[in-house]
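Same order as they appear, the protein sequences are chains A and B. Take the first sequence: its letters are residues -19 to 232, numbered as in this note's numbering. Take the second sequence: its letters are residues -19 to 232, numbered as in this note's numbering.
Rather than coming from a laboratory, the hints here were simulated on the basis of the structure. In this text, a Cβ means the ideal position worked out from N, Cα and C, and glycines have one as well. Be a bit skeptical, because a hint or two may be false.
[To be verified] Every beta carbon over 12 Å from chain A, so not counted as near; a handful from chain B, in silico:
| id | residue |
| --- | --- |
| 1 | PRO17 |
| 2 | ALA60 |
| 3 | GLU91 |
| 4 | SER122 |
[Claimed, not checked] Taking lysine to aspartate or glutamate pairs in the EDC-like style, the calculated list, with each CA pair at most 20 Å apart, reads:
| id | chain 1 | residue 1 | chain 2 | residue 2 |
| --- | --- | --- | --- | --- |
| 5 | B | LYS116 | A | GLU64 |
| 6 | B | LYS151 | A | GLU64 |
| 7 | A | LYS116 | B | ASP148 |
| 8 | B | LYS116 | A | GLU200 |
| 9 | A | LYS57 | B | GLU200 |
| 10 | B | LYS57 | A | GLU200 |
| 11 | A | LYS151 | B | GLU200 |
| 12 | A | LYS116 | B | GLU67 |
| 13 | A | LYS116 | B | ASP101 |
| 14 | B | LYS185 | B | GLU175 |
| 15 | B | LYS185 | A | GLU64 |
| 16 | B | LYS57 | B | GLU67 |
| 17 | A | LYS85 | A | GLU68 |
| 18 | A | LYS116 | B | GLU68 |
| 19 | B | LYS116 | A | ASP160 |
| 20 | A | LYS116 | B | ASP160 |
| 21 | B | LYS116 | A | GLU68 |
| 22 | B | LYS116 | A | ASP101 |
There are 2 protein chains.
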Amino acid sequence: MDNSQALAACGPFSSAERDAVYRAIYTRRDTRSQFSPEPVPDEVLARILLAGHHAPSVGFMQPWNFVVLRSLATRRKVQALFREANEEAAAMFPAERQASYRALKLEGIVEAPVNLCITCDPDRAGPVVLGRTHDKAMDSYSTVCAVQNIWLAARAEGIGVGWVSIIDPAKLRAMLGIPDRVIPIAYLCLGYVHEAYVRPELEVKGWRRRLPPEDVLNFEGWGQAGANEPLLALMRQGMEDGPVRPSPCGMS
Amino acid sequence: MDNSQALAACGPFSSAERDAVYRAIYTRRDTRSQFSPEPVPDEVLARILLAGHHAPSVGFMQPWNFVVLRSLATRRKVQALFREANEEAAAMFPAERQASYRALKLEGIVEAPVNLCITCDPDRAGPVVLGRTHDKAMDSYSTVCAVQNIWLAARAEGIGVGWVSIIDPAKLRAMLGIPDRVIPIAYLCLGYVHEAYVRPELEVKGWRRRLPPEDVLNFEGWGQAGANEPLLALMRQGMEDGPVRPSPCGMS
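Chain A with its partners taken away, still in its complex shape (with noise of 0.2 Å):
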């Protein structure tokens, strides 16, 4: 191949392209009550697919497979499988935060039109992967990078997106009969959305706050030997500020 033809002049984007990019990161929410109940077309959900299907793999493995799940009757087994796991999952909590769990609604498998299980096949490639050699994991971590990358390109589309991760993966892969060498990742719900929270739900509802950047900020070395603070306070101002500030929603 002729590689001079391979590569092309890049920059940055324009002001409004890039505050669009940031209006999708800042916007994008784990839905789980939004979902109206309006199909999402083949032609919204293909665009969503093919950003998870551009994602970075490691060697190109393109690990993911995406099963598109939209029968009423598949989802209901699923959801059987969520309450299972969350019953559980409640009681591991103490004592004093059970009722708080309790009262947090986690999911919304039914209610969203379109579920999508995305798995990991670590066979993708053979056995020696380039890029995986010394992480086994990086398989997987390229699967979730899809599944950021559907996130992002659902928010776009006006899709909200919720990760379901209180089930128990054996038991899900069994009902989808995916192989046992497949890692079921994520379990997304997908639908349209007229509204969501500005904030992170679990913020909102007082579960946990939003991390201050010295708390995950470190400068050449994990003690935080030569400090940065001209970096940091630039932190702490877009926090305040918001480093883009587009009403969430709505059109701009």
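Since the structure of chain A is already known, use the hints to place chain B on it.
Relative to the frame of chain A, chain B by itself:
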């Protein structure tokens, strides 16, 4: 809290905004050789890191840390770790693939002015985490969502990102002083790029091809029962046309 203020009207993006999100998704590349040495200003790095910090996370635990590395001495030491691992990796491939493996440039650790080690702290929110009760990997997956947000935000800023996974994670942890409980998830190289591959570099160089949609799509369960031909056809068409076909780079 007054929940009536917590929700806001919500809809699809304008078509220009939507195209910008898809443009970021489709023109994002794993960058190894195109880094410019020009420094990345703190203002830009702060926006990119905040995009990571606004990723979804299981139980809103925000398990990530972002270790910013600019020191050339540290980056040279990390590059030595890469070289050691890459020799081991090359030897794992079948004899007939070793030459083409060795011909690939797989990192830009020293050329990229900013490196970023993104880690996952499983203890960030106590032993029982909402949503992690039935899949222990959910905290790592949340961290990968932060990586993908960073990758897309960087693309919008004109900054290329390369994910270097061919490093022994235990040696990287020791070098950066990361506590034993904390998992290094991604080691990223960041820098401005002025040209980029139109298609993934591993595809251009003949390592692997993009899979057709029928290889990654399933309906109502693993066995393709109830195959949705219209959706498959739309995905095939989208892959031929490119669902969004902006100039891959350059100002729009």
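Okay, the hints, checked on the actual structure:
Distance check on PRO17(B): its Cβ is at least 16 Å (rounded) from any Cβ of chain A, clearing the 12 Å threshold; non-interface status holds. Its beta-carbon lying about 14 Å from the closest one in chain A, ALA60(B) satisfies the requirement of being farther than 12 Å from that chain. Even its closest Cβ contact with chain A, about 16 Å, leaves GLU91(B) beyond 12 Å, as expected for a residue assigned away from the interface. For SER122(B), the condition that its CB be more than 12 Å from all CB atoms of chain A is violated, with the nearest at approximately 9 Å.
Only pairs whose Cα atoms come within 20 Å are accepted, and LYS116(B) paired with GLU64(A) is accepted, the gap being roughly 17 Å. Of the supplied pair hints, the one linking LYS151(B) and GLU64(A) is violated, its CA atoms being roughly 41 Å apart against a limit of 20 Å. Proximity of LYS116(A) to ASP148(B) is assessed by CA-CA distance (about 11 Å); at most 20 Å being required, the pair is judged to hold. Only pairs whose Cα atoms come within 20 Å are accepted, and LYS116(B) paired with GLU200(A) is rejected, the gap being roughly 29 Å.
Simply put, LYS57(A) and GLU200(B) have alpha-carbon atoms about 12 Å apart, close enough for the 20 Å limit, and the pair holds. As the CA atoms of LYS57(B) and GLU200(A) are separated by approximately 12 Å, the hinted pair is consistent with the 20 Å bound. Simply put, LYS151(A) and GLU200(B) have alpha-carbon atoms about 16 Å apart, close enough for the 20 Å limit, and the pair holds. This hinted pair checks out: LYS116(A) and GLU67(B) have alpha carbons roughly 17 Å apart, not beyond 20 Å.
Distance restraint check for LYS116(A) and ASP101(B): the Cα-Cα separation of roughly 19 Å lies within the 20 Å cut-off, and the hinted pair is therefore satisfied. With a C-alpha separation of about 17 Å, the suggested pairing of LYS185(B) with GLU175(B) holds against the 20 Å cut-off. Distance hint between LYS185(B) and GLU64(A) is unfulfilled; the C-alpha atoms sit about 48 Å from each other, more than 20 Å. Of the supplied pair hints, the one linking LYS57(B) and GLU67(B) holds, its CA atoms being roughly 16 Å apart against a limit of 20 Å.
A distance of roughly 15 Å separates the Cα atoms of LYS85(A) and GLU68(A); the hinted pair therefore holds under the 20 Å criterion. With a CA separation close to 15 Å, the supplied pair LYS116(A) and GLU68(B) stays within the 20 Å bound. Between LYS116(B) and ASP160(A) the CA atoms are separated by roughly 18 Å; this keeps the pair inside 20 Å, and the hint holds. Under the criterion of a C-alpha separation no larger than 20 Å, the hint pairing LYS116(A) with ASP160(B) is consistent with the structure, at around 18 Å.
Straight-line distance between C-alpha atoms of LYS116(B) and GLU68(A) comes to about 15 Å, which keeps the hinted pair within the 20 Å bound. For the given pair, LYS116(B) sits about 19 Å from ASP101(A) by alpha-carbon distance, which is consistent with the 20 Å threshold.
In this structure, the hints that do not hold are numbers 4, 6, 8, 15, in rising order.
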